[in-house]
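Starting from the structure of chain A, add chains B, C and D with the ligands where the hints point.
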Amino acid sequence: MLLQKKMIAGHFDRLANTAKTGEKAVYTFVPGNLNELIWAFDLLPVHPEINALQSAMRKQSGDYVLEAEKAGHSEDVCTYVKSDIGMMRKGNIGPTGQRLPEPSLLLLSYTGCFTFMKWFELLKQEYNCPVVMLHVPYQADGRITPEMRKYVVKQLKEVVIPKLEEISGKKYDEDKLRAMLASSARSEDDLVAVWDAAKQKPSPIDAYFGGVYYIGPIFTAFRGTKECESYYRTLRAEVEQRAKQGLGPVTPDGKVHQEKYRLVVEGPPNWTSFREFWEMFYAEGAVCVSSTYTRVGGLYEQGFRHDPEHPLESLADYCMGCYTNRNLPSRVDLIAKQIEDFQADGFVVNSIKSCNSFSAGQLLMMKEIEKRTGRAGGFIESDLVDPRYFSAANIKNRLESYFQMLEARS
Amino acid sequence: MDAYVGIDLGSTTTKAVFLDEHEKLLGFGITNSRSDYDIACQIAREEAEINSRFAILRRELRSQVAGDGHEQLIAWLFQKYRLAQHSRQLEALAQACRKAVDLLPNAAHRPPTHAVLDQILTEMEREAVGLFTPGAVARSDFFRDVAASSFLHLAEKKAGDDAKLLDRLIGTYDKSILQVEAKSYTNAFADYIRFAADAVRRMPEFEAHGEAITRAVANTIAIEFRVLNTIGTGYGRQRLPFPKEQIRSEILCHGLGAHFMFPKTRTVLDIGGQDTKAIQVDENGIVTNFQMNDRCAAGCGRYLGYIADEMNVGLHELGPLAMKSRKQVKINSTCTVFAGAELRERLALGERREDMLAGLHRAIILRAMSLLARSGGVVSEFTFTGGVAKNQAATDALRKLIAENYGEMTINISPDSIFTGAIGAALFAKRDRKGDLIGVDLKALQKPVKPTAQEQR
Amino acid sequence: MNFYTAGIDAGNSSVKVALLEFSGDVSKPRLVDTELSKLRKRDPKAVIEGAWERVLARNKLAPDQIAYVATTGDGELVEFRRGHFYSMTSHARGALFIDPGARAVVDVGALHAKALIMDERSKVLGYRMTSQCASGSGQFIENISRYLGITIEDVGKLSLEADEPTAVSGICAVLAETDVINMVSRGIATRNILKGIHVSMAKRLVNLLRLVKAQGRILVTGGLGLDVGLVAAIKENMTGGNVEVVNHELSPMAGAIGCGIWGGYRHVRLARN
Amino acid sequence: MTDPTTEIVEQCRVLYEDLSFTAVKQWKERTGGRAVGFMPVYAPRELIHAAGMLPVGIMGGGENLEIIKGDAYFQSYICHIPRSTIELGVTGRLDCLDGMLFPAICDVIRNLSGMWQMLFKDKLVRYLDFPQEFTAGIGGAFYRHELEGLLQQLSALSKVTVTPERLRQSIALYNENRRVIAKLYDTRAKTPEKVPTYELYLVMRASNVLPVEEHTALVERYLAAAAKRDRKPLDNARVVVTGAFCEQPPIALIRALEASGCYVVDDDWVLGARYLLGDVKLGDDPLTELANAYLGDTVETASRYEPRRKKGAFLIDSVKKYGAEGVVFCAPSFCDPALLERPMLVEALNKAGVPHTSFNYAENTSQYHVFKEQTGTFADSIKLWGAA
Ligand SMILES: Nc1ncnc2c1ncn2[C@@H]1O[C@H](COP(=O)(O)OP(=O)(O)O)[C@@H](O)[C@H]1O
Ligand SMILES: Nc1ncnc2c1ncn2[C@@H]1O[C@H](COP(=O)(O)OP(=O)(O)O)[C@@H](O)[C@H]1O
Ligand code: SF4
Ligand code: SF4
Ligand code: SF4
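So the protein sequences, as listed, match chains A, B, C and D. Be aware that the first sequence starts at 1, since it is given in the numbering used here, and climbs by one per residue. Be aware that the second sequence starts at 1, since it is given in the numbering used here, and climbs by one per residue. Be aware that the third sequence starts at 1, since it is given in the numbering used here, and climbs by one per residue. Be aware that the fourth sequence starts at 1, since it is given in the numbering used here, and climbs by one per residue.
Only chain A is shown next, with the shape it has when bound in the complex (with noise of 0.2 Å):
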């Protein structure tokens, strides 16, 4: 943990700095990303997504919020569009309490959400600055076409890389890329080990709350980096190390807790009250062995990795296989799939009242993956970063509910 700490502080330093470096900044989002491109061209990539969270965690997306909604926007949209707005306009001061530096290009990866491409034009009104929109196809039926794949690498090709060219003042270089490439699968591989290990009995993980703290630097910045590597090379032997020693997860209080029941979760977390909702699961001893919010920025288990041999194929197909690019037939069998191998005793879908891409259909997969598993799914809403929609006691209730529920049946 301290060293995913030490990374970001590092991060946001070098991005505070960019006036003085004369570095420059590109925006993008998180699910497919293209950091290893953006990275090639040396530039700075920033997440707009991950600046809403942390706002969020530290208790100020509240105010981001109802700042963008003074602002025209509805309450009905995307909280993470309006905190990112609202933090904006109140200085765009980023989770370290340094300000962040203006984006010299919006590269705008359309992946798996609509929402993403009404943020960034909303951007570009803000900062007028250029964008670059990479339209990446959606997997309708569940996989990935020749024209899918040529589509997105066309795109790159004639598209990206020129406007990075621009942006950088620097030629692409393929084999620098390559090489980050490489780097990158070698993390990749580290963390599914991570996820394996939650197959075994007690889980020396939690995939869900835990697992949001391990996704961080393979999703966000650092991906294809040396810290990077070696943070998954520590993650993945201290987590060996726990399962070796049979302990549970390590929570925020610290204690490992009696594993009573597995669980895996759809849907991303709420980020006001994380601590909170993480406690109404450990409390009652509910272990979450797998999740999909986890998967948003790849499948790694299914086999996909980046790679160095085929640069731009692989970017693209990692910027189509995200988890919110897959239709929901595949989003069922997937779920389906980590209940069966994770030996998971049922599922909770967190209901994330921002966010369509997520929410729109699960209550039907929900129906589905139980008639599919006859394991029980338990169903809660909340928010990511408006904590107006987090009810401590209405989902308190209808956990508690829940895991009644899974004991008496049990």
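Simulated from the structure, these hints should not be mistaken for laboratory data. It is possible that part of the hints are untrue.
Stated by the list, open to error - PhoX-like cross-link-like pairs, simulated, lysine-lysine; straight-line CA separation at most 25 Å:
#1 B:K164 / C:K157
#2 D:K69 / A:K371
#3 D:K123 / D:K159
#4 D:K310 / A:K163
#5 A:K255 / B:K244
#6 D:K320 / D:K190
#7 D:K311 / A:K70
#8 D:K351 / C:K123
#9 C:K28 / C:K45
#10 A:K90 / D:K311
#11 B:K157 / C:K38
#12 C:K123 / C:K157
#13 A:K70 / A:K90
#14 B:K158 / C:K41
#15 A:K24 / A:K171
#16 A:K396 / B:K244
#17 A:K90 / C:K213
#18 D:K372 / D:K383
#19 D:K372 / D:K232
#20 D:K321 / D:K351
#21 A:K244 / A:K260
#22 A:K371 / D:K121
#23 C:K123 / D:K159
#24 A:K59 / A:K5
#25 B:K327 / C:K41
#26 D:K69 / C:K213
#27 A:K337 / A:K260
#28 C:K123 / D:K383
#29 A:K59 / C:K203
#30 D:K121 / A:K337
#31 A:K255 / A:K201
#32 B:K330 / D:K372
#33 C:K157 / C:K203
#34 B:K157 / C:K41
#35 C:K45 / D:K372
#36 D:K372 / C:K123
#37 C:K213 / C:K203
#38 A:K170 / A:K157
#39 A:K163 / D:K311
#40 C:K157 / C:K28
Just so you know, these numbers come straight off a predicted model, no measurement behind them.
Showing chains B, C and D with the ligands alone in chain A's frame:
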């Protein structure tokens, strides 16, 4: 006698159930929920105990009185018992009212208010005797409502055109009833039943049974209930003074309670005062799925309560009125408060009250249909529980919509359906009992009466 | 040219009638009389008629002596109206009449709350309204005051005496009653409960006001303009910038006055054509 | 004298209110053909038509459908159209459709396509991904490929081989239809008193279920009838309504808008029939022509990335073209694309000095009070103060 107790602390009513060693129901108790949750629990539990004793009393009398005579006898004993209890509360109310009038800020207002108040209270006492006879239709099961309707009716009559005086009287009542509610008047079974026995013995038709009554009453009083375990559930369960193991989610309790009453039930719908739940259970009464509504009055019992107030009719009358509708009128507003306003406006524009009420009942059931669909649809058999199941217009609308959307099937509605959650809790109390753990006995929870907000002011 | 107009504001909890007299400058009418009649669950049409007749009788006027009867609110209920004006148009004009310095209005009635900003001619420049949920409305306060055993007129005064306001957690206007009951049980003094309610209402209203970017003098109109507790709570929460929150004894009449004045304008225009 | 349009409008109203799609069933019986549904906007109906099938626009269930099961599929914070569409589906009302197309307009419709795959396994279900890259070589090539794939699926379903000639004929018919619709809109803007918006709306909705030739004739008949009307314009405010390219407002809301003193002079309802602004060329490769038409001359909605022009330019053009005095944003609640677009459009309008107002609705709202107060105030303020 050993007993297990289930308590369902609802938002509008608090229910308790006594269960014996063989999972047989002994008695039910209910009271309106009020600001003091502990008192509400205590009273519900005491009511359940009283109800259990009356069951015993009936058995005793049946064995001692030949033929069907005992039915009449028990009915009278019960009514007189209620009268005794009611009188005790009236007394308390009178006291509180007088004190409140003494505190009126303007001293000049006090004497005239006292004068009218005295008249009202005397009248109420007289009325009470008539209220408690077998066959009299109760306006409500709760002192609060019975007293309120008499008081307000009388106050309006006595105050005449003097709107200020009326306001003062209503204010006095509103303050005083809170104090009466903060105390239990149910924990004196022996006193009340002796009063009742005396009264009944003096009635010419029961003269012959004097001795039987005395014996049966004495036997009943002598019975001690030993509560082995208590489980609490319901909206307010988190505030019950029980350890965590003695609290169960209301979903589980409703599921199990419904299964107990109707073992073939697979789907349960509960519409209570503050929430609506759709629950699916398996063949053992274990919950497999459930859905609950958000915290909005539209779609639950309070919606109907609010509308009844707006329309100036009693909650009991709402359903029957709606049943008289000739055509349903769709109410556009979802919000309870707006629906109330819309109703008034449309009444002015010439719509029939009955038709609009029919529309309202349908609306509330439609919302429940959504929840049902979400929880997994309706599977045979279907059981409807909660207070709203007492409303016939609601049950009719439900039957119709279920048939239209899920086909014909058995729909269970028990007159005791309001106790479903408490029954489930009592069953859990019995099944949970491990070793000789003695559950919390609520008698230990009696608390001194707190001053009301007005007194503190 | 001398003529009378009347404005009728058919609201959800009360009917307001304003009688105006115009002479010379149409923009400077004289307020002759007002009447406010609570519905108290009665037939609104009958209440409107009653109020209307009382106003005419008091001023010894016959219906045909009123040049223009204008309505706002539920105008359909007034069959003898000549024209209808929407409530924000009316409240803006009424507010300007009551207080020529007002540049923003927040109208808080039985069910709705509306905020608007306007210029010195009462042209509405921006507005917002609460929607289909009555949480924190006047109706809610009325219900609660009944439960607490106090009259609506005393609500404001009591709230001002609060020393330890207690937040109301519930959002639903109907279910929040349960919360209030709960608070009573915990021995919380009425004044503090009321203040708590006022604060939570004020926050919503301030939010509305911020959304329309209200500046300068803000007049609280509608029935709750008389609720000094609410007005104080709005003041406390509407901080920053050059804002000043005021109310006026005529606040509940703003809608009726405003539409009556617009009626005057229309009358002059129609007479000219 | 009876109103000359009554009969036509009544016919359209019957079609609009018929949630069982009798007209589609009758068409199928009559012709023995098949029918394919599509969600509100951007579906290439020409392909369905060329494959000998009836394209059927599905725009939710509107205000008359009682939602009993549909809510089981969606949380309360998701817009209304998918739940009513599911309700139509699971109650068997869409059984007359042999397939469904889900254009890529938002995450909700996108996910709905997956739900449809799960719920209706034996039907053709196709998600249509549109390029958000608008050069012929990249986005155009991708889209042409999409269209080709779709056409193959469609002709496999109908067993009709689609020759380029056949497709050109279909395109020509739709070109004609688009032209009469454009005339209808122009006429309304010029003489809104003769073409009330709720009538125009019903006439447009008929395009969802009628064969294109019939609809073209219907619009022409309507225009002829409306021209005979002798009405004076009211003192209303002229407004452009925007925000509802997907979930449609209830008719009563459209009427309330007019009743509160507004003349609608342009709108973005029933866009499925008029998302292409000009004729599609009848070139050698009709698929390429369709793709080009999409890349070029297409309405701007919140779902389409616009790399070339400034946000709001399209809307301001419409305001100018039709002489509108203000803009009413009326978007479905919880519609992320429309609602996120709104602040950008507002900014553009502010810069251009065009007054505007906004509110949300759901297709089945029946509460018009708040809405009427708002549009009424808007109309009042334009009328009382507009010129000054
Ligand atoms: N006798 C009755 N007739 C009609 N409706 C009733 C009756 N009793 C209760 N209700 C309805 O039931 C609701 C209370 O239901 P209940 O299940 O007791 O709720 P809770 O458990 O939340 O207190 C009331 O709001 C009312 O609408
Ligand atoms: N004297 C008063 N003091 C404080 N509040 C009042 C007073 N009179 C009325 N109110 C409040 O004003 C509300 C009515 O406001 P009003 O603007 O008349 O509503 P409407 O126009 O919807 O009828 C009531 O619900 C009540 O809460
Ligand atoms: S809708 Fe979901 S995926 Fe899209 S930006 Fe919001 S939170 Fe992210
Ligand atoms: S809509 Fe009405 S009933 Fe529902 S929460 Fe709001 S005030 Fe309560
Ligand atoms: S209304 Fe908006 S959010 Fe809903 S399906 Fe249509 S485009 Fe998507």
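Worksheet item: Which earlier hints can't be squared with this structure?
Response: Hints 9, 12, 23, 26 and 40 contradicted; others consistent.
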